[in-house]
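Those protein sequence lines, which keep their order, are chains A and B.
Sequential numbering of the first sequence, starting at 0, is according to numbering that gives the first Met the number 0.
Sequential numbering of the second sequence, starting at 0, is according to numbering that gives the first Met the number 0.
No lab work stands behind these hints: they were computed from the structure.
Hints may contain errors.
For the chain A half of the interface with chain B, some residues (derived, Cβ under 8 Å), not all of them [stated by the list, open to error]:
#, residue
1, 79
2, 111
3, 115
4, 116
5, 117
6, 119
7, 133
8, 137
9, 216
10, 217
11, 218
12, 220
13, 222
14, 230
15, 231
16, 234
All values derive from a computational prediction rather than experimental measurement.
Each residue gets a CB set at the ideal place from its N, CA and C atoms; glycine is no exception.
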Amino acid sequence: MSRARGRATTAPPWPVAVPATLAVLFLALPLVGLLVRAPWGRLWEVLTSPTSLSALRLSLVTGAASTAIALVLGVPLAWWMARSAMRGRSFLRALVTVPLVLPPVVGGIALLLAFGRRGVVGQYLWDWFGVQLPFSTPGVVVAQVFVAMPFLIITVEGALRGLDGRLEEAASTLGAGRLQVFRQVTLPLVAPSLIAGTVLTFARALGEFGATITFAGNLEGVTQTLPLAVYTGLEGDPAEAVVLSLLLLAVSVLVLVALRDRWLRTGASA
Amino acid sequence: MRSRLATAALLAAAALGLAACGGSTSGAPTTSAPAGPTGTITVFAAASLTESFTEIGQQFEAANPGTKVVFSFGPSSGLATQITEKAPADVFASASTKTMQTVVDAGDAAGPSTFAVNTMIIATPAEPSEAVTSLQDLTNPDVKTAVCAADVPCGVAADALFEKNKLAVTPVTREVDVKAVLSKVQLGEVDAGIVYVTDVKGSGGAVNGIEIPADENVTTDYPIATLTGSANSVTAQAFVDFVLSAAGQKVLADAGFSAP
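Model the full assembly from the supplied sequences, consistent with the hints where possible.
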């Protein structure tokens with residue numbers, strides 16, 4: 000990254016500069032609009048309203064839970080996909096990528112048909128345990144994990160595949176067990192990617208909307224995360240929606256700043 | 000390389016073509032003869048009007064050759080926000096007089112008239128899982144109920160309904176429009192949903208309807224108006240007149256609406 004940047008010191012020719020500038024404007028102007036039209040006078044009042052606070056709290060709690068679950072389930076899958084030479088690997092990779100490209104609403108419908116009260120799996124959860132994931136906070140987490148975990152898997156798998164396998168072999172020949180190799184050699188080597196993937200996953204979970212509102216519904220304090228509060232606010236008090244959008248924007252920027260630091264460090268060390 | 004360039008050129012041509020289409024839909028007919036309705040109009044209509052307005056639109060197009068009606072269905076309050084943000088629309092049909100008033104107050108519509116009245120009904124899944132026979136049953140904590148968000152007309156009506164009958168109902172979800180409530184009922188994820196009479200009728204038996212006695216029920220007026228930003232006000236007015244005409248009223252009555 001940093002090397003490539005160091006090379007391009009001369010001014011870009013106009014066929015590059017013009018569309019590039021347009022691209023920057025296109026991406027930046029909506030954010031400028033949000034900032035210009037924000038009802039700054041009502042900022043504090045809206046931010047401290049019970050609706051906003053409960054949505055923020057719910058977003059942070061479910062986002063953290065989803066990220067944790069994605070780590071516990073996703074890292075082993077990434078390791079498996081990177082290392083094993085099984086035959087269905089490319090199929091598995093395609094399967095993992097599907098939620099990345101699927102419109103989240105479709106993901107939400109799929110989740111309903113699988114885990115809903117009448118769903119393929121959900122009917123047994125309901126009949127045997129009386130558990131209904133839709134309209135519950137765990138349902139929000141399910142939707143977020145479905146949409147966000149692929150980010151972690153793909154990032155970590157890429158890092159694991161790019162790893163110099165001889166380091167792990169060396170550790171093995173020196174008598175380290177498989178778990179010890181994983182913990183003391185593999186994990187530290189992929190740590191930057193792991194952190195980047197984790198932050199991406201958290202950011203994606205935080206912004207999750209379509210799958211959540213379709214699968215988990217929309218109820219303040221239970222399933223109404225920040226993006227849902229923004230959408231609901233738009234129906235009643237658009238100013239409130241704008242303020243909540245600013246809050247989400249601020250959180251996203253914070254996440255990106257954290258991410259950028261990690262990536263710069265990786266670039267320098269590589 | 001050459002083929003990639005060709006692809007790019009094709010894409011650019013397609014984009015231009017699309018842009019041209021977009022231009023023709025909104026602009027044009029103001030310059031043509033002011034005689035009769037012609038060209039395309041965009042109608043923003045409440046989600047609960049989806050079936051009846053689609054039908055009315057087809058009849059209007061058949062009765063006025065050369066016209067085309069494009070619909071955008073959604074929650075009235077969201078549509079109103081889009082209109083006050085100057086979305087290119089010609090007619091607004093709302094499920095709430097209050098929402099229409101915000102558009103009128105913003106100077107984007109004038110002289111709305113009520114064209115239909117709707118009442119509420121309890122929708123239950125085709126194979127109900129909990130016994131729901133009346134409004135009172137919705138207070139049972141085991142009965143999972145879906146209603147619209149508090150700011151959406153169908154949510155306002157649902158809250159008014161509960162208040163009128165002094166019922167403490169705790170919904171499990173507040174969906175953003177009435178069709179979302181209906182789909183949650185249809186999928187059997189909830190035991191009951193408060194929707195419009197017309198939604199149950201329009202579902203074609205996919206959900207059951209439990210009627211609410213008239214003295215317990217609430218009604219909602221549906222106003223319609225042409226928008227001041229319309230680029231085709233002749234056709235827009237003709238469409239509004241058509242909705243209010245005997246033909247339009249018949250479609251609405253068939254869908255379960257009451258006459259204003």
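Outcome of the hint check:
Violation of the interface hint for residue 79 of chain A is found here, the shortest Cβ-Cβ separation to chain B being roughly 34 Å, above the 8 Å cut-off. Hint on residue 111 of chain A holds. Least Cβ distance to chain B is approximately 6 Å, under the 8 Å limit. Satisfaction of the interface hint for residue 115 of chain A is found here, the shortest Cβ-Cβ separation to chain B being roughly 5 Å, below the 8 Å cut-off. With a least beta-carbon distance of about 5 Å to chain B, the hint placing residue 116 of chain A at the interface is held under the 8 Å criterion.
Interface restraint check: residue 117 of chain A against chain B, minimum CB-CB distance 4 Å, threshold 8 Å, status holds. Proximity of residue 119 of chain A to chain B is violated relative to the hint, the smallest CB-CB distance being about 13 Å (cut-off 8 Å). Because the smallest distance between the Cβ of residue 133 of chain A and any Cβ of chain B comes to about 5 Å, under 8 Å, the interface hint for this residue holds. For the restraint placing residue 137 of chain A at the interface with chain B, the shortest Cβ-Cβ distance is roughly 14 Å, beyond the 8 Å limit, so the hint is violated.
Against a cut-off of 8 Å between C-beta atoms, the interface hint on residue 216 of chain A holds, since the closest Cβ of chain B lies about 3 Å away. Satisfaction of the interface hint for residue 217 of chain A is found here, the shortest Cβ-Cβ separation to chain B being roughly 5 Å, below the 8 Å cut-off. A least Cβ separation of about 5 Å between residue 218 of chain A and chain B falls short of the 8 Å threshold, and the interface hint therefore holds. Residue-level restraint check for residue 220 of chain A is violated (minimum Cβ-Cβ distance to chain B is 11 Å; threshold 8 Å).
Look at residue 222 of chain A: its Cβ gets to within about 7 Å of chain B, closer than 8 Å, so that hint holds up. For residue 230 of chain A, the interface hint holds, since its Cβ comes within 8 Å of a Cβ in chain B; the closest pair sits about 6 Å apart. Using the Cβ-Cβ criterion of 8 Å, the hint placing residue 231 of chain A at the interface with chain B is satisfied: the shortest such distance is roughly 5 Å. Taking 8 Å as the C-beta cut-off, the interface hint given for residue 234 of chain A holds, the closest approach to chain B being about 4 Å.
Going down the numbered hints, you'll see the structure goes against 1, 6, 8 and 12, while the others check out.
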